[in-house]
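Starting from the known structure of chain A, arrange chain B on it as the hints suggest.
Listed below are the residues making up each chain.
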Amino acid sequence: MTKHLGFRLLQAAFVLLVMSLLVYGLMGLMPGDPIELMAAGSPTMTPEDVARLKALYGVDQPLLERYGHWLISALSGDFGYSRLTARPVVETLIGPLGNSAGLMAAALTLALIFALPGGIWAALRQGRLPDHALNLAAFAAISLPVFWLGLLLVILFAVTLSWFPASGVETVGGGGGLNDRLWHMALPVLALATASFGHYLRYMRAAMISTLRENWVRTARAKGLSWPQVVIRHSLRNAMMPVVTVLALDIGALFSGVLVTETVFAYPGMGKLIYDAVMGNDYNLALAALLLATALTLLGSLLADILHSLLDPRVRLG
Amino acid sequence: MSRFLRHPPALLGLGLLILLSLGAVLAGPAEHWLGADAETLDLASMLLPPSLSHPLGTDELGRDMLARLMRGGQVSLLVGLLTAAAAAIVGTTVGLLAGSRGGLADAVLMRLTDGVIALPLLPLLIVLGALDPTKLGLPPEMFRSETAGLVRIVIIIALVGWTTVARLVRSATLSLKQQDFIRAAQALGVPPGRLMLRHLLPNVASPVIVATSLSVGNIILLESALSFLGLGVQPPMASWGNMLTGALQQLFTAPMLAVWPGGLIFLTVLAFNLLGDGLQEALDPRGRS
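Chains as they are written, first to last, in our numbering: chain A, 1 to 318; chain B, 1 to 289.
Okay, chain A solo, but in the shape it has when bound (with noise of 0.2 angstroms):
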């Protein structure tokens, strides 16, 4: 376990490494120039003013020396300061990242409530009625173009019956309070909670039908238990298994996944602060962000292995 997990962290600081420079020589393609930028934005600045800021902040070395500078700030914890708010990169991405998770979380569990069962209903209730309905469904909430079922709710649910704000993180000005971020929250975790629910419900229906079609299963039945018992005392456990690993993958992709719902609803999470940040040529920010976003990816896949290992006592991580 301690070895194979060693191996995992080791492989994951790998690819973060890799995924820096790709990330990094990227950027150097990024239409637009930080220091012309600021030269435009400045009538007085003459072209040695430019020279020497270009020297000053380093652009004008070749680029594997750039990022070797990068690297070494980047390891004691210095990612620059972010063009667009003037603030320390760290600091900036903070506030983005706690709205994102808090996003996800309420987008998941209103997912996992209505697919888990319903995924176990259309297993027991198999090319029956019940079950093509929800497989429809779920097939209907996978197609929806997220940005499309966000543009939906705003046009019936913030400008018809304006029950709640089409965009935003909480009341400009009076704000504040978990009720009135909850309610700004509503059409975002809505839409978010559709595409979901759809994966969920046809992963939950693939495992239980797949687990019921073991002998132990037929065993249970037949020393007489009942369907509720045998679905909740012997075969849940075992179904739930590639559920949990799919949702443990799931909270690490999100973090990015969620970047054109954020942007529908102007929701400031790390979606839109990535979305922002390539926009408005803020290397530094969105170079860090990038690799938070791969960071969290990788952590989800390693929770989705150990989570495994714990459930699942047949694997041994070796």
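It should be emphasised that the hints constitute simulated quantities derived from the structure, not laboratory data.
Errors might be hidden in some of the hints.
To be verified - Listed below are the simulated SDA-like cross-link pairs for lysine to any residue, each with C-alpha atoms no more than 25 angstroms apart in a straight line:
1. B:K135 with A:A51
2. B:K135 with A:G280
3. A:K3 with B:M110
4. B:K135 with A:Y24
5. B:K135 with A:G68
6. A:K54 with B:K135
7. B:K135 with A:E65
8. A:K3 with A:A248
Chain B only, in chain A's frame:
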């Protein structure tokens, strides 16, 4: 085949796809018949309600909605199919090489696949979509045409979308290698390249077909999301995604502008997902339902 035909949702998907493709194919004649094309601005007739000359009305720049929806369908279907095909080719090559060679090649290719899977998909697509290829020293003329824009999206999405097929093909190849006919071929001295193309490739075709048809829907969703964010198909070329960007400004005055393109994305993605699911059940030897 008969198993596929007995699967009603798959038939529904197939029917939807035939209708949508028909709409895309007929975009040219329809423009001629409507007397309006998808890209000419007409500021005198902005946001018109549906009428005989504009069956679905006009958008915020006076362009015929129906013509734009049909042209947008061409773009979405083309990008979806081309990207899925490109990703399938890359994935099959990687999977076959890793599975049949084994050893160091296998280790390197599979670690590469793991690495790509760990990347945050959407942010990476945004970065790739935003970057300026002329900074790589490529001539700017290469990127002016509309075709270049489409090729670019296909490449960007295919670059990150090949991993599922690679894993499937590798595991299928590994189990094929244990079978007698492959061992016999090896014993007869069939060269590795011929072994891959003539003996392994035909036998991994069905998982590749299933995974590819299931991926088209996802690719269309990614393309429309990128276009919606302004990084995919660029205006004036119509795509369902970038039509929604325009509709966003008119949400209060003309909500129908947002309903049509999104609804078509939804139906197309649903159709491919149902079709892929049907193929999976029909081609999977274990599924006997």
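Here is how each hint holds up against the structure:
1. B:K135 with A:A51: OK: B:K135 and A:A51 at ~20 angstroms, within 25 angstroms.
2. B:K135 with A:G280: Holds. B:K135 to A:G280 sits at ~18 angstroms (cutoff 25 angstroms).
3. A:K3 with B:M110: 20 angstroms, holds
4. B:K135 with A:Y24: Distance of about 14 angstroms is within 25 angstroms: holds.
5. B:K135 with A:G68: 21 angstroms, holds
6. A:K54 with B:K135: Given pair A:K54, B:K135 holds - Cα atoms ~18 angstroms apart, limit 25 angstroms.
7. B:K135 with A:E65: 19 angstroms, holds
8. A:K3 with A:A248: 21 angstroms, holds
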